[in-house]
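Peer 1: Chains A and B, in that order, are what the protein sequence lines are.
Take 9 as the starting number for the first sequence in the numbering used here and just add one per residue.
Take 4 as the starting number for the second sequence in the numbering used here and just add one per residue.
None of these hints come from the bench; they were simulated from the model.
Small disclaimer: the values here were computed from a predicted structure and weren't measured.
Do not rely on the hints blindly, as some may be mistaken.
As the list claims (entries may be wrong) - Pairwise CB distance ranges (calculated):
| no. | chain 1 | residue 1 | chain 2 | residue 2 | range |
| --- | --- | --- | --- | --- | --- |
| 1 | B | Thr440 | A | Ile64 | 51 to 61 Å |
| 2 | A | Asp37 | B | Gly8 | 47 to 57 Å |
| 3 | B | Gly178 | A | Asp47 | 25 to 35 Å |
| 4 | B | Lys559 | A | Ser69 | 34 to 44 Å |
| 5 | B | Leu175 | A | Asp47 | 35 to 45 Å |
| 6 | B | Gly8 | A | Pro39 | 46 to 56 Å |
Said to hold, decoys possible - Pulled a few chain B residues facing chain A out of the computed Cβ check, cut under 7 Å:
| no. | residue |
| --- | --- |
| 7 | Lys63 |
| 8 | Ala124 |
| 9 | Pro188 |
| 10 | Val189 |
| 11 | Gly276 |
| 12 | Phe277 |
| 13 | Thr278 |
| 14 | Asp523 |
| 15 | Leu527 |
| 16 | Asn531 |
| 17 | Phe532 |
| 18 | Arg534 |
What the hints assert, rightly or not - If you want the ones that stay clear, here's a sample from chain B, every Cβ over 10 Å from chain A, calculated:
| no. | residue |
| --- | --- |
| 19 | Phe60 |
| 20 | Thr68 |
| 21 | Asn183 |
| 22 | Thr292 |
| 23 | Arg321 |
| 24 | Asp386 |
| 25 | Gln544 |
Yeah, the Cβ is synthetic: ideal placement off N, Cα and C, and Gly gets one too.
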Amino acid sequence: MADEMKEMVLEYVIDEYVDEDDDLDVTFDTPLISSGIVDSFSMVSLKVFLEKKFKISLPDSEATPEAFDTVDRICSLVRKHQG
Amino acid sequence: MSNIGSYEKRRENFSWDIAKEVLGWKEGEVLNIGAMCSDRICEQGKGDKKALIWQGFGGKQKTYTFNDLRVLSSGYAKFLQDLGVKPGERVCLFMDKIPELYISFLGVLKMGAVAQPLFSAFGDESLEVRLFSADTKVILTTRKHVKKVRKIQDRLPALEKIVIVEGNPNKLRDGEIFFNVEDAPVEDFEIYKSETETPSVLHYTSGTTGQPKGAQHVHGSVWGQALTTSWVLDLKDDDIYWCTADPGWVTGTSYGIIGPWSLGVTQCVLDSGFTSAAWYQFIQDNKVTVWYSAPTAIRSLMRDGEELVKQYDLSSLRHLASVGEPLNSEAVIWSEKVYGLPFLDTFWQTETGAMMITNFPGMKIKPGSMGKPFPGIEAGILDLKTNEPVTEPGTVGLIAFRPGWPSMFREYVKKPDIYRSKFVGASEDAMPPELRTDKSLWYVSGDRASFDKDGYYWFVGRDDDVINTGGHLVGPFEIESALVEHEAIAEAAAIGKPDEVNMEVVKVFVTLNPGYEPSDDLELNIMNFIRKRLSPLAMPQEIEYTEKLPKTRSGKILRRYLKALEWGEEVGDLSTLEDD
Numbered sequence: 009m010a011d012e013m014k015e016m017v018l019e020y021v022i023d024e025y026v027d028e029d030d031d032l033d034v035t036f037d038t039p040l041i042s043s044g045i046v047d048s049f050s051m052v053s054l055k056v057f058l059e060k061k062f063k064i065s066l067p068d069s070e071a072t073p074e075a076f077d078t079v080d081r082i083c084s085l086v087r088k089h090q091g
Numbered sequence: 004m005s006n007i008g009s010y011e012k013r014r015e016n017f018s019w020d021i022a023k024e025v026l027g028w029k030e031g032e033v034l035n036i037g038a039m040c041s042d043r044i045c046e047q048g049k050g051d052k053k054a055l056i057w058q059g060f061g062g063k064q065k066t067y068t069f070n071d072l073r074v075l076s077s078g079y080a081k082f083l084q085d086l087g088v089k090p091g092e093r094v095c096l097f098m099d100k101i102p103e104l105y106i107s108f109l110g111v112l113k114m115g116a117v118a119q120p121l122f123s124a125f126g127d128e129s130l131e132v133r134l135f136s137a138d139t140k141v142i143l144t145t146r147k148h149v150k151k152v153r154k155i156q157d158r159l160p161a162l163e164k165i166v167i168v169e170g171n172p173n174k175l176r177d178g179e180i181f182f183n184v185e186d187a188p189v190e191d192f193e194i195y196k197s198e199t200e201t202p203s204v205l206h207y208t209s210g211t212t213g214q215p216k217g218a219q220h221v222h223g224s225v226w227g228q229a230l231t232t233s234w235v236l237d238l239k240d241d242d243i244y245w246c247t248a249d250p251g252w253v254t255g256t257s258y259g260i261i262g263p264w265s266l267g268v269t270q271c272v273l274d275s276g277f278t279s280a281a282w283y284q285f286i287q288d289n290k291v292t293v294w295y296s297a298p299t300a301i302r303s304l305m306r307d308g309e310e311l312v313k314q315y316d317l318s319s320l321r322h323l324a325s326v327g328e329p330l331n332s333e334a335v336i337w338s339e340k341v342y343g344l345p346f347l348d349t350f351w352q353t354e355t356g357a358m359m360i361t362n363f364p365g366m367k368i369k370p371g372s373m374g375k376p377f378p379g380i381e382a383g384i385l386d387l388k389t390n391e392p393v394t395e396p397g398t399v400g401l402i403a404f405r406p407g408w409p410s411m412f413r414e415y416v417k418k419p420d421i422y423r424s425k426f427v428g429a430s431e432d433a434m435p436p437e438l439r440t441d442k443s444l445w446y447v448s449g450d451r452a453s454f455d456k457d458g459y460y461w462f463v464g465r466d467d468d469v470i471n472t473g474g475h476l477v478g479p480f481e482i483e484s485a486l487v488e489h490e491a492i493a494e495a496a497a498i499g500k501p502d503e504v505n506m507e508v509v510k511v512f513v514t515l516n517p518g519y520e521p522s523d524d525l526e527l528n529i530m531n532f533i534r535k536r537l538s539p540l541a542m543p544q545e546i547e548y549t550e551k552l553p554k555t556r557s558g559k560i561l562r563r564y565l566k567a568l569e570w571g572e573e574v575g576d577l578s579t580l581e582d583d
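One chain only, chain A, in its complex shape:
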């Protein structure tokens, strides 16, 4: 299940934030925010995706650029709120 979640988030990130001709190899531990792949404004749509897909509510205080910086970290945050 954990790997499924990571695959799902990674697929979303690649589909929505990475262009086909970017030549970027995005993996579970690729920095997203701190590398500029996902700009900090666009984090909001990523947060909405997570909340809707995984039926959770992420408080703004925890939806920080650090917590969203890799797929691995994002999934840790999601799991924490799945209870």
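With chain A's structure known, arrange chain B on it following the hints.
Peer 2: Structure of chain B alone, referenced to chain A:
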């Protein structure tokens, strides 16, 4: 001692010529902002002084002296000249906050063209509207952002060249050029002899109706930008200044380039998004002394708390200021407690080009107040019904200014009627040159406020439907126009809804076309549709599906009705509301 000294004395003995004294300006010098921010500083013997300390993603750092700015901006100027760009033509700068943006901005101005910086997070549709409106001839961009330009270039007949100034130089397409200025510095470039009224910078701003409008500024704006930088931001020769704004917006050029560099001050730029820890680290590492930021960022810093602040040495800070939206009193009080300094609010807008109502160093601060008019600025509050200046403190009306300050915008590109509509008392056929100099008129800002018995101004809100999210104005019409291009959406209305950090965020009401049903996937799809087409700022953070939108009998969507419901306010006169 602050640069302004006594506010009252400055008001009594004011002349914009004081800006020339502050800059050490002599009659006969060429009034060209590009050169004033680089060549002229070198002529003052500061060529080896640091001009730009830049940090990007992954901690990447670069430093440029004023002499570097001079030869590299001349490199851009010569390149554009050789490319066939003529004075007065518009050159768009579409890139992140990288050094190339700051340096090419000066280069464009030095050869007499107009710099049109655009926010790099804009999607292709936002970009297209602004480039089409401006008849932009050349765009300077990066490998990262050129994809958006490629999508729209066929619909931009005036766009002749796409220049990639950073990133991988390979895989260019027809009409694209790669230019690395580091390989082409120019020692001697003949600066374009611009004058006070020569067009310089073009910024786009959003209104309630129609597409964004291009506010054209001129080289003479530098007097206003330099003097407000000196008196409000209090910059001195040995300061290390950090303006967190993006030059895609007016703060990022007026106070992130022109103000500090015309005064020969060192500035820092951090281009790696926002985290509180990274910002504090940046201040500590660079010993930032003067920090000009925005309420959204300040509220985010507040959210991350006082304990984090204690982990950094921020003792270099000596002066803080804020812009973009009203700064709430809690933020002022918090910053004084935590940093030992209050953030001083400043009020101005794209059209004014420079600060208009502000809190000044040394002045008594009333937390939550906008402050007082800058010396030389005649401000007033106009009655909401009669447009006459109000005299009673506490009366809410429209913030207005007598025309004629140096940094005032000179026109909305190709929209003289809309320009005229901004001036109360203007005759029906008045044209921009008369409007901007007629001191019997009032320029109306579009914001509401009141003043108190001590002459302090207090912001109340917008007088229109424009959405202020994180200090950026977003036009509802632009969002609605894009929404109805989505296959599922029949009609749409966009409003601002309250938000703790951003003041407002976009909320939209939509009716769906037959065959579509509300769902999580559709909601996310609509959000990303707007994010990519317009920008992440314009992306709705809430979508409400409805059977029908409230309209007037003539069919116009009543946003104010939706907004009043959202904000829990009186809905006002509904006599024009369409019957069910």
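Peer 1: Does each hint fit the structure? Answer for all of them.
Peer 2: Results for each hint:
1. B:Thr440 - A:Ile64: 51 to 61 Å: Roughly 59 Å apart at Cβ, these two residues keep to the hinted range, so it holds.
2. A:Asp37 - B:Gly8: 47 to 57 Å: Hint holds: Cβ distance 55 Å, inside 47 to 57 Å.
3. B:Gly178 - A:Asp47: 25 to 35 Å: Given about 27 Å between the Cβ atoms, the range holds.
4. B:Lys559 - A:Ser69: 34 to 44 Å: Given a distance of about 40 Å, which is inside 34 to 44 Å, the answer is holds.
5. B:Leu175 - A:Asp47: 35 to 45 Å: About 25 Å separates the Cβ atoms of leucine 175 of chain B and aspartate 47 of chain A, which means 35 to 45 Å is violated.
6. B:Gly8 - A:Pro39: 46 to 56 Å: Between glycine 8 of chain B and proline 39 of chain A, where Cβ atoms are some 48 Å apart, the hint holds.
7. Lys63: violated (11 Å)
8. Ala124: holds (6 Å)
9. Pro188: Proline 188 of chain B check fails; min Cβ-Cβ to chain A is 27 Å, beyond 7 Å.
10. Val189: violated (30 Å)
11. Gly276: Because about 4 Å separates glycine 276 of chain B from the closest Cβ in chain A, which is inside the 7 Å limit, the hint holds.
12. Phe277: holds (5 Å)
13. Thr278: Where the cut-off is 7 Å and the nearest Cβ of chain A is about 5 Å from threonine 278 of chain B, the hint holds.
14. Asp523: Nearest chain A Cβ about 4 Å off; hint holds.
15. Leu527: holds (6 Å)
16. Asn531: holds (6 Å)
17. Phe532: violated (10 Å)
18. Arg534: holds (6 Å)
19. Phe60: Per Cβ check, phenylalanine 60 of chain B is inside 10 Å of chain A; nearest 5 Å; violated.
20. Thr68: Nearest chain A Cβ is 26 Å from threonine 68 of chain B, so the label holds.
21. Asn183: holds (20 Å)
22. Thr292: holds (25 Å)
23. Arg321: For arginine 321 of chain B, whose nearest Cβ neighbour in chain A is about 28 Å away, the distance exceeds 10 Å, so it holds.
24. Asp386: Nearest chain A Cβ is 38 Å from aspartate 386 of chain B, so the label holds.
25. Gln544: violated (6 Å)
Hint compliance for this structure: hints 5, 7, 9, 10, 17, 19 and 25 are broken, all remaining hints hold.
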